[in-house]
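Q: Listed here are the chains, written in short residue letters.
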Amino acid sequence: MKFQIEEVTVYFPYDNIYPEQYTYMVELKRALDAKGHCLLEMPTGTGKTIALLSLITSYALAKTESPIKLIYCTRTVHEMEKTLAELKFLHNYQVKHLGAAAKMLAIGLSSRKNLCVNPKVSSAENRDSVDAACRKLTASWVRSMAAENPNQPTCEFYENYDRAAGGAVLPAGVYTLEDLRAFGKEKGWCPYFLARHMVQFANVVVYSYQYLLDPKVAGIISKEMQKESVVVFDEAHNIDNVCIEALSVSVRRQTLEGAIRNISRIENEIDRFKDIDAGRLRAEYNRLVEGLALRGDLSASDAWLANPALPDDILRQAVPGNIRRAEHFLHVLRRLVQYLKVKLDTDKVEKESPVSFVASINSDAGIDQKALKFCYDRLHSLLMTLEITDTDEFLHIQTICDFATLVGTYARGFSIIIEPFDERMPLIPDPVLQLCCHDASLAIKPVFDRFQSVVITSGTLSPIDLYPRLLNFHPVVSRSFKMSLTRDCICPMVLTRGSDQLPVSTKFDMRSDPGVVRNYGKLLVEMVSIVPDGIVCFFVSYSYMDGIINSWNESGILKDIMQHKLVFIETQDVVETTLALDNYRRACDCGRGAVFFSVARGKVAEGIDFDRHYGRLVIMFGVPFQYTESKILRARLEYLRDTFQIKEGDFLTFDALIDVMNIELTDRNLNQRQAAQCVGRVIRSKADYGMMIFADKRYSRHDKRSKLPGWILSHLRDANLNLSTDMALHIAREFLRKMAQPYEKTGSTTGRKTLLSQEDVEKLGNNGAQEMLY
Amino acid sequence: MSSGQVTKRVKYKTSVKDAGTPGRLSLVKERLLFRPNNPNSASKLDMQFKYITNHRYTKEGSNKAPMLNLTSNQACSLFAYGVSYIFEFERYEDLHICRDFVGRALAPPVEAPNLGASSQVPSEQPSRDDLLFRARLLQDSSELQKLHQQFVGGGVLTEAEFWATRKKLLEKDSNTKSKQRGGLKSSVLGESKPLIDGRTNRVTFNLTPEIVREIFSEKPAVHRAYLNFVPSKVTEKDFWTKYFRAEYLQRSKNIAAAIAEAAEDEELAIFLKPDDILANETRRKIRRVDPTLDMEADQGDDYSHLPDHGILRDGSKEVPEPGNELYRRTLLQDLNRHAAVVLQGTPIDEEQLKDTQTVAEALERSKQERSTASKDDDSMADQERLKGISQAMTIDDLRGSNDHHLAPLWIKDPRDYFDSQQASSFRTSMEATKGSMSSQEAYGLLRESISQIKSMGLNHPIVAPEVAQKVLSVLTHNISSTKYNLGKKPGESLLDSLPTSVRDELLHHHISIEELMKHFWSSYPITTKYLNTKVIKLKDEMSKMDSQLQKLKETVQPDIRHQITLLIRPMQQALEAAMQHYDAEQQKRASKAREKPNGYS
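Taken in order, these protein sequences are the chains called R and P.
Just so we're aligned, residue 1 is where the first sequence starts under my numbering, counting upward by one.
Just so we're aligned, residue 1001 is where the second sequence starts under my numbering, counting upward by one.
Calculated from the structure, these hints are not laboratory results.
Take the hints with a grain of salt, since some may be wrong.
[Unchecked claim] Which chain P residues stay away from chain R? Per the calculated CB distances, all over 12 Å, these:
(1) R1024
(2) F1034
(3) D1140
(4) I1211
(5) T1241
(6) T1292
(7) G1310
(8) L1332
(9) T1356
(10) S1523
(11) Q1572
[Said to hold, decoys possible] Some chain R residues well away from chain P (every beta-carbon gap over 10 Å; in silico):
(12) N322
(13) Q501
(14) K507
(15) Y639
[To be verified] Calculated pairs, DSS-like style, for lysine-lysine (alpha carbon to alpha carbon, straight line, at most 25 Å):
(16) P:K1285 with R:K603
(17) P:K1185 with R:K559
(18) P:K1387 with R:K96
(19) R:K185 with P:K1367
(20) P:K1529 with P:K1544
(21) P:K1387 with R:K88
(22) P:K1544 with R:K185
A virtual CB, placed ideally from N, CA and C, is assigned to each residue, including glycine.
One chain only, chain R, in its complex shape (with noise of 0.2 Å):
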């Protein structure tokens, strides 16, 4: 359909809307409009990803005086690949409504590991590998021996590309992953340095939020994208772990022992090439005294991962004189890996300001701050005037580097903590030093200063006010959405007692009793037997669910379920877990069915769908808890108090703020990522249906129950509370009946249209959109 938002014709690639969809486009356009960020709070199901797509591009296509791109940004590579199946869908109709005007570049971008088509790279085990396995063939040093020698091993890949030139470029259209592999194969040219140089063209970049917000990728790969760009962070609800998680560093014991190993591999090739190359380390030392860290400009394949720091941060000054010379540069990090190992042999915990740290390394080490800063210049020029190909074998010397550059350049917002072993795991010696960032805004900061619009959106992101506090920045729209529904297609239960009537829970003391693992199990088996398709179970940790699964095995209830569906099991190996999520799908499309049993805080909860067929039924088993006497945890919550009362001033007292926030952060790791990750991912639209059983006593309890999302607790029925098995079966049984039967779509029955025409929209362009909704 093809309708107005104020001047822009907005092509819509369905015949019908949603209502909530057509407000969020309305509020996304202002926001555009503004020139400025936003924050928009959509439920799952409601076609938040079509919407924003379809919005934006056609803003794109009504001002063409000045051309915006997209960046939109993902939390892995799987959905980044669902956003361009969608914006694929959204091309195909608005080229076949508007001809070629409508035609666009749209890339996905990924690593080498997913990108590569050369078959000797890419079978490589891991990234690190694969990467190295690149340079080797690649590297600029690489590549003019081998036109002295023509033995020396190449990429055809990569030489067909750098021969074509400028002649290669990406005709316009939609590319996923899949689809840059298959174009590189057929021309010949490699699909990674293809799509990391169309960047800059492309009026849509799809890749994930690390390319923009960990300066160490970003600095290479986002360094050139126009002011004129829409940013969206699409699931952002975790948005503020990924900022800090790409500000810290963690230095084990295995670390440093690998950075010694590494030190002194370096210093072997010092020696050996002051035997047959002394010139080379002479002009390095000469380049560096003049003030460049790298010898001009660099080839795009000689990119190597960029300076931790973000680039506001970095000091462009010549590197001190003490680390100029490639023995002292190795001397320093001797007494700096020398200096760690000291710190980590301790039996408890301390924590230190960097401010602090850094003087302690001065005085014991004698490094001074700005040494510390340039370690990650200074390694840099060396390995590539070494000019090292296997990077993955140098990954812990890059670590130690990072992270006393980081604690060279920051002052506040860090914290170092030294932890003698895992407090879930007392006995087992395992010392971190964790340099840990508190303060998410750092890392956005750039992002929000370079573009003109940053979107934030998220199915779930409440409390809405507390995001532009956490990253510090002023959203000209802040909405939340509420998902209005044709039917009650979700019907949430709590259930509390097994089929015998005894309570069931996975608290401490009832876990491992066989009455509550049997209850659980007998609940399993009346289940499959009665829902179609997918059945997902979730359990509160890995060993819970090893240890219950084996037990289920034992006593035959494994084989019962089995007879009715096939079972599948996300396990710690991510390659077995793909293959079962895999095979499970395929169990739901041929109609035998499966079960898939995952954990809570696994990666298949935070990312997967389980929408129509493929989840009928959510069972959580146990309440998911979060660590919070975690150190880390703490020392950011006590950050954020501090700086809250520096911005909120006097009118919030220090312990209601800290009560604020501990109950918030840690709602919001159960509210989100467990529950709902866990369930509210069985919707894809309005015309889907599921069910979700909480299978825990303490649910019934309202604190507990309260940390439900509000979209579930609306649909909880004060019948639905407390259940045992025998009655919860009976429920899903009127459920899925109710469920199959013909319904009015549009919803017209119920007063409230929970679906558009193109009739309705044209109508609520003229009435203005407001007092339909509200």
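Since chain R is already given, all that's left is putting chain P on it; use the hints.
A: Here is chain P on its own, set in the frame of chain R:
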């Protein structure tokens, strides 16, 4: 099979008492080949059929082993003139197939032309392949065999007629398409617990071919080890003993013991090591996984997961447990693997579940087939998958309703069909017989009878009202009770409540009547003499069938007679309709023939 070649495992003997040489007998178009299993054996055989003068075989049901005896008149290099070759088969089915093949091969090359001699008679000479295929079809389905026996054997239908209505079955397509196989059971068989007798330390595992199939398809390394080692290196029993010992060690979670044992015994170590074939397969599969749930790609992308970057312990992440990676295989992995195999299905038929050796070989064969086939499928599957993803991305209820190409479900009442058939046939017969009576005359007759009743009244009831009442109530009760019981329980059908002998008879009657009806109605309009004789034959058979039904109805126990009647009625109606049609047609024809004595009949 489609290439007209038959290969069977046989023992080749020179005399009946000879122990025989095991090997393979292949029959191709005009020659037979025997290849012994032992390539060094001298008893190879390659002979053309034209040299064979005679063939004999053992009858099924006799105590003797299935054997085929061929007598040759050829003086070939190895065998003397007039010598006989005896092949002992493993099963009678094999023997029958080869016998038929040889029989056809030996038959005089020019067969007598079909008797009908009319151009429209479906009498195309079936090729040898077709014959073979038909034989197999008959073998596969006992129902078909019975029908074939009844009609073709009884002379009602010719062979060609019988098969003409089954063209679909004979299509080459269905030939290559395998018949539907039962899926695998979802439950884990191999996980069945070992039996422990309380007194000794002995542990017993049960092993059936089905379990073997499961083990082999879930653990390709075990399969490979079996093919490599058994029986050349270890005996079958030792192999499985070792396998279960490894399983037992694994299950008891005694990793130290497992490592110690594996160090001593390299075969045992195979079972404990991670499966390399599986690992390769995983690597291949992960590339083709649905990109919208590919979490492995995340790992390759996410720069925050650089080692030692990010926050390690803020209480939100699970801490992985350390473990000995080499000998660690968890129940969870086994379950995932099992479900994946069940989903994929296994290409082994139930018949092949005989012993370990056959299972192992059949799996190996099917694996090879699949690997060649999958290469072609890959791109297709990818295409389809991508289409599926984009479809899954769309929001259903926002789309217009016009792209639903679904027709509403409409179930036609079968009784309606037969009633209307009957009515129409009545009409035609009415037209034929009483065609002369006009509507006015009929009206007159009706009026007459009404006035008769009016004047006389119905004052002479034929039966006493009390008796009538009683009979009626009993009948209605009976009918309503069955009516009430019928179709109440979904799992039960009327047929199941009948004794098996009666049920089988009923079903058979039904199928034969269906077959007859098919032939009967397809022969109209009768245009040739051939069709005419066919219809007469069919009619006779039909009346026979009708009387059989009647007999069945009378002989069954009175308590189920009502149900039987219900079931038989549609069949009888069908027969009646056909008969009436035949009679009407016959009369029409007769009257026409009278009018035009020289006309074409």
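Q: None of the hints should be skipped; say for each whether it holds.
A: To see whether the hints hold, each was checked on the structure:
1. R1024: P:R1024 is indeed farther than 12 Å from all Cβ atoms of chain R, at 38 Å.
2. F1034: 45 Å, holds
3. D1140: Nearest chain R Cβ is 26 Å from P:D1140, so the label holds.
4. I1211: 14 Å, holds
5. T1241: Correct as stated: the minimum Cβ-Cβ distance to chain R is 24 Å, above 12 Å.
6. T1292: 5 Å, violated
7. G1310: Per Cβ check, P:G1310 is inside 12 Å of chain R; nearest 4 Å; violated.
8. L1332: Per Cβ check, P:L1332 is inside 12 Å of chain R; nearest 5 Å; violated.
9. T1356: 24 Å, holds
10. S1523: At about 42 Å from chain R, P:S1523 clears the 12 Å cut-off, so the statement holds.
11. Q1572: Nearest chain R Cβ is 40 Å from P:Q1572, so the label holds.
12. N322: At roughly 26 Å from the nearest Cβ of chain P, R:N322 sits farther out than 10 Å, so the non-interface label holds.
13. Q501: 29 Å, holds
14. K507: Non-interface label on R:K507 holds, nearest chain P Cβ at 19 Å vs cutoff 10 Å.
15. Y639: 13 Å, holds
16. P:K1285 with R:K603: 20 Å, holds
17. P:K1185 with R:K559: 11 Å, holds
18. P:K1387 with R:K96: Distance of about 19 Å is within 25 Å: holds.
19. R:K185 with P:K1367: Violated - the C-alpha atoms of P:K1367 and R:K185 are around 30 Å apart, more than 25 Å.
20. P:K1529 with P:K1544: Within the cut-off at roughly 23 Å; holds.
21. P:K1387 with R:K88: Satisfied, since the Cα-Cα distance of roughly 12 Å is no more than 25 Å.
22. P:K1544 with R:K185: 73 Å, violated
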